[in-house]
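Participant: The primary structure of each chain is shown beneath.
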Amino acid sequence: DGGITQSPKYLFRKEGQNVTLSCEQNLNHDAMYWYRQDPGQGLRLIYYSQIVNDFQKGDIAEGYSVSREKKESFPLTVTSAQKNPTAFYLCASRIVGSGNTIYFGEGSWLTVV
Amino acid sequence: DAKTTQPTSMDCAEGRAANLPCNHSTISGNEYVYWYRQIHSQGPQYIIHGLKNNETNEMASLIITEDRKSSTLILPHATLRDTAVYYCIVRVAAGTASKLTFGTGTRLQVTL
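Taken in sequence, the protein lines are chains A and B. Letter by letter, the first sequence follows residues 1 to 113 of the working numbering. Letter by letter, the second sequence follows residues 114 to 225 of the working numbering.
Hints were generated in silico from the structure; no laboratory data involved. Even glycine gets a Cβ: it sits at the ideal position worked out from N, Cα and C. Among the hints, a few may not be true.
Not the full set, but computed from the structure, chain A residues with beta-carbon under 7 Å of chain B [as the list claims (entries may be wrong)]:
no., residue
1, G42
2, L43
3, T101
4, E106
5, G107
Here are the simulated distance ranges between beta carbons [unchecked claim]:
no., chain 1, residue 1, chain 2, residue 2, range
6, A, R44, B, K182, 21 to 27 Å
7, A, L27, B, E171, 19 to 25 Å
8, B, Y159, A, K83, 30 to 36 Å
Calculated Cβ distances over 12 Å to all of chain B for the following chain A residues [said to hold, decoys possible]:
no., residue
9, Q6
10, S22
11, E24
12, N26
13, Q41
14, D59
15, E62
16, S65
17, S73
18, T77
19, T79
20, K83
21, N84
22, V112
Based on the sequences and whatever the hints tell you, model everything.
Facilitator: Dropping the structure here:
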């Protein structure tokens, strides 16, 4: 089935360590997005990308990095510079063009211990 | 950037219509309004979207005002399973990519 796969679902990290969250889609979508969600809060945009090898910072990019080497993949690295990384992370994608529906993955829970 | 505002929470009796408002007063003429909902911190689920005309599908109806500065999502017969956080999104074009900005979300509680 086509869709967006995020992995791992749950991840624990020690302070000071970098961690990479995977996002893969087989929908042939051009644009991909990463959001962060804190408990009881809305979604905040971290990074987004419309084409391979190009991406833009969202509203809360500090302490995060991304790459877009392949159309189907948009991994997010949470670096040690991110002060409060414990959160729920959501990846999304869509075909570029007005009105195209956005699809979300099931999310990844990151806990810093 | 166009921003959206939604009430923080709403209640609705099961079987009644749930009407969820969203303000997007700075929306541009070619920007769409999307509605999603999120249950128990799962990935948000697409509900409906529109540009200027009212839209209806098997899940809901979307009413957009003539000036496009606000919209209302209508769940015609709410059930307990409709309890969720509902997000109104306006697609914003920024630079080389389109930025998706979420509203504050409305927590809808459907009760017996």
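Participant: Interface hint check: T101 (chain A), Cβ to nearest Cβ on chain B, cutoff 7 Å. Holds or violated?
Facilitator: holds (5 Å)
Participant: So S65 (chain A) supposedly isn't at the interface. Is its beta-carbon more than 12 Å from every beta-carbon in chain B?
Facilitator: holds (17 Å)
Participant: Verify that the Cβ of V112 (chain A) lies farther than 12 Å from every Cβ atom of chain B, and report whether the claim holds or is violated.
Facilitator: holds (18 Å)
Participant: Quick one: are R44 (chain A) and K182 (chain B) within 21 to 27 Å, going by C-beta?
Facilitator: holds (24 Å)
Participant: Classify the label on E62 (chain A) as holds or violated, using whether its beta-carbon is more than 12 Å from each beta-carbon of chain B.
Facilitator: The claim holds: E62 (chain A) sits with its nearest Cβ about 17 Å from chain B, beyond 12 Å.
Participant: Decide, holds or violated, for the assertion that all CB atoms of chain B are farther than 12 Å from the CB of K83 (chain A).
Facilitator: holds (22 Å)
Participant: Evaluate the condition: distance from the CB of E24 (chain A) to the nearest CB of chain B exceeds 12 Å.
Facilitator: Given that every Cβ of chain B is farther than 12 Å from that of E24 (chain A), nearest at about 14 Å, it holds.
Participant: Quick check for students: does the CB of Q41 (chain A) sit more than 12 Å from each CB in chain B?
Facilitator: Q41 (chain A) is in fact no farther than 12 Å from some Cβ atom of chain B, at 9 Å.
Participant: Can we confirm that no CB of chain B comes within 12 Å of the CB of Q6 (chain A)?
Facilitator: violated (8 Å)
Participant: Determine whether the non-interface label on D59 (chain A) survives the test: each CB of chain B must be over 12 Å from its CB.
Facilitator: violated (8 Å)
Participant: Take a quick look at S22 (chain A) and tell me if its Cβ sits farther than 12 Å from every Cβ on chain B, holds or violated.
Facilitator: holds (15 Å)
Participant: Determine whether the non-interface label on N84 (chain A) survives the test: each CB of chain B must be over 12 Å from its CB.
Facilitator: holds (17 Å)
Against the hints set out earlier in the document, violations occur for numbers 9, 13, 14.
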